[in-house]
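Starting from the structure of chain A, add chain B where the hints point.
There are 2 protein chains.
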Amino acid sequence: MSEELTEAGGKTRLYVPGDLGAGMAVALDEGQAHYLLHVLRAKSGNLVSLFNGRDGEWLAEIAQVHKRGVTGVCRKQTQKQAEVPDIWLVFAPVKKTPADYLVQKAAELGASLLQPVFTRRTIVTRINQERMLANAIEAAEQSGRLSVPQVREGVSFDKLLAAWPKERRLYFCDEGGDAKPLADTLRGTTGPAAILTGPEGGFDPAERAALRALPFVTPATLGPRILRADTAALAALTIWQSVAGDWN
Amino acid sequence: MSEELTEAGGKTRLYVPGDLGAGMAVALDEGQAHYLLHVLRAKSGNLVSLFNGRDGEWLAEIAQVHKRGVTGVCRKQTQKQAEVPDIWLVFAPVKKTPADYLVQKAAELGASLLQPVFTRRTIVTRINQERMLANAIEAAEQSGRLSVPQVREGVSFDKLLAAWPKERRLYFCDEGGDAKPLADTLRGTTGPAAILTGPEGGFDPAERAALRALPFVTPATLGPRILRADTAALAALTIWQSVAGDWN
Numbered sequence: 024m025s026e027e028l029t030e031a032g033g034k035t036r037l038y039v040p041g042d043l044g045a046g047m048a049v050a051l052d053e054g055q056a057h058y059l060l061h062v063l064r065a066k067s068g069n070l071v072s073l074f075n076g077r078d079g080e081w082l083a084e085i086a087q088v089h090k091r092g093v094t095g096v097c098r099k100q101t102q103k104q105a106e107v108p109d110i111w112l113v114f115a116p117v118k119k120t121p122a123d124y125l126v127q128k129a130a131e132l133g134a135s136l137l138q139p140v141f142t143r144r145t146i147v148t149r150i151n152q153e154r155m156l157a158n159a160i161e162a163a164e165q166s167g168r169l170s171v172p173q174v175r176e177g178v179s180f181d182k183l184l185a186a187w188p189k190e191r192r193l194y195f196c197d198e199g200g201d202a203k204p205l206a207d208t209l210r211g212t213t214g215p216a217a218i219l220t221g222p223e224g225g226f227d228p229a230e231r232a233a234l235r236a237l238p239f240v241t242p243a244t245l246g247p248r249i250l251r252a253d254t255a256a257l258a259a260l261t262i263w264q265s266v267a268g269d270w271n
Numbered sequence: 024m025s026e027e028l029t030e031a032g033g034k035t036r037l038y039v040p041g042d043l044g045a046g047m048a049v050a051l052d053e054g055q056a057h058y059l060l061h062v063l064r065a066k067s068g069n070l071v072s073l074f075n076g077r078d079g080e081w082l083a084e085i086a087q088v089h090k091r092g093v094t095g096v097c098r099k100q101t102q103k104q105a106e107v108p109d110i111w112l113v114f115a116p117v118k119k120t121p122a123d124y125l126v127q128k129a130a131e132l133g134a135s136l137l138q139p140v141f142t143r144r145t146i147v148t149r150i151n152q153e154r155m156l157a158n159a160i161e162a163a164e165q166s167g168r169l170s171v172p173q174v175r176e177g178v179s180f181d182k183l184l185a186a187w188p189k190e191r192r193l194y195f196c197d198e199g200g201d202a203k204p205l206a207d208t209l210r211g212t213t214g215p216a217a218i219l220t221g222p223e224g225g226f227d228p229a230e231r232a233a234l235r236a237l238p239f240v241t242p243a244t245l246g247p248r249i250l251r252a253d254t255a256a257l258a259a260l261t262i263w264q265s266v267a268g269d270w271n
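These protein sequences, in sequence, are chains A and B.
Numbers given in my numbering equal positions in the first sequence, counted from 1, plus 23.
Numbers given in my numbering equal positions in the second sequence, counted from 1, plus 23.
Because identical chains cannot be distinguished in the list, a pair is counted as satisfied if it fits within a single copy or across any two copies.
Straight line, CA to CA, 27 angstroms or less: simulated DSS-like cross-link-like pairs of lysine-lysine:
| no. | residue 1 | residue 2 |
| --- | --- | --- |
| 1 | 34 | 118 |
| 2 | 99 | 66 |
| 3 | 203 | 34 |
I should point out that these hints are in silico values taken from the structure, not numbers from a laboratory.
Looking at chain A on its own, in the form it has when it is part of the complex:
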């Protein structure tokens, strides 16, 4: 068997949008070809792992290497398709570097969907959806996931709640008031869920009141210290996975 490409931290895994199956040839994109040939110095016959979010993970042999690109041929399925738990992260977008970090970490921590929401105190007015997706793909590749989190367009707070799918419980990280610790609110729960975290300045009082009045919303706290917006999102996802997700 040919040599599998390995890097510090693990084997090389690449996300591809096309179908995967025994003997199928898959064209890799320009960035992936560059990475394989010029960073990892891959050659024909080397093996790389591919996944597409539908067909599991495949060991593919690098079959053609030329100026135009690289083609991989699927040789063996190494994992059947499996989904991450059904947990969305709904978050007020933060500025550039923390935003990259937040998306990467959320993908590693197993979020199934990322939904930016513009609240009254959100300072960031635009999000770069393409960059978010690129960060999510990279993190999915490195984390061993078999799917990439879906990255939604930004939406206003009011539209988010108006269009909310009522069967999905929304855990709202509330800094003030009488909310219970998140782990306590989650214990014993099942079914689709979402975490909602606010911007640096928090939710405004009208937003907090609106959230608390909705039947599908559960307020929850994340301890006695003030967490930055991105820290709160990652801490809440961690607790969800640990109590109601697949870390148990």
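Same frame as chain A, but now just chain B:
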């Protein structure tokens, strides 16, 4: 009463090394003076919160503003001293940007002490302790903590274990094998604890075996996906606070 300085996300809090007490004058350092005068445009009579890790939190009035610096006079104690839970984070250092991030987040998440450890697969060979402390102070100021995490010098893996205080349980985040989920190992525990996370390439087999043979070590897993080194550290601290710390 004079105006309290507020920023997006909360009031202004500054860490000072000197003593705090009713009527005491405290000289702020050059960086703090610059921040107050030129970023927040503070004036004499404005109020700022100070803490030193010993005397609680004090509202101080900016009393002297001149070229040489700024002095604050303690007017009122707003919080009595309180400690974060006794949880250490022992981590293989990572490269620059993730290292900054890790230290900030660990301080927000309430770590009491940060101990870098050089393992066999740790790529980073030097740590900037001064930079780590500066990041820890900034995060402590923003998070509402009344103390700054202690930042230790880096130590080798062997020395760490040889000098380990045996009454402190060490939770070792182990990627492979039969370890239980971290939340399960923590349930019902009390007393001093520490989280140990490895470098990007993980612990080597000899290190894992050495850890598992020690009576003060408990191996634990953080779910089925591969987490980056910094993500693992923050997820483990979050779970500890949620199960055994002060988030409950």
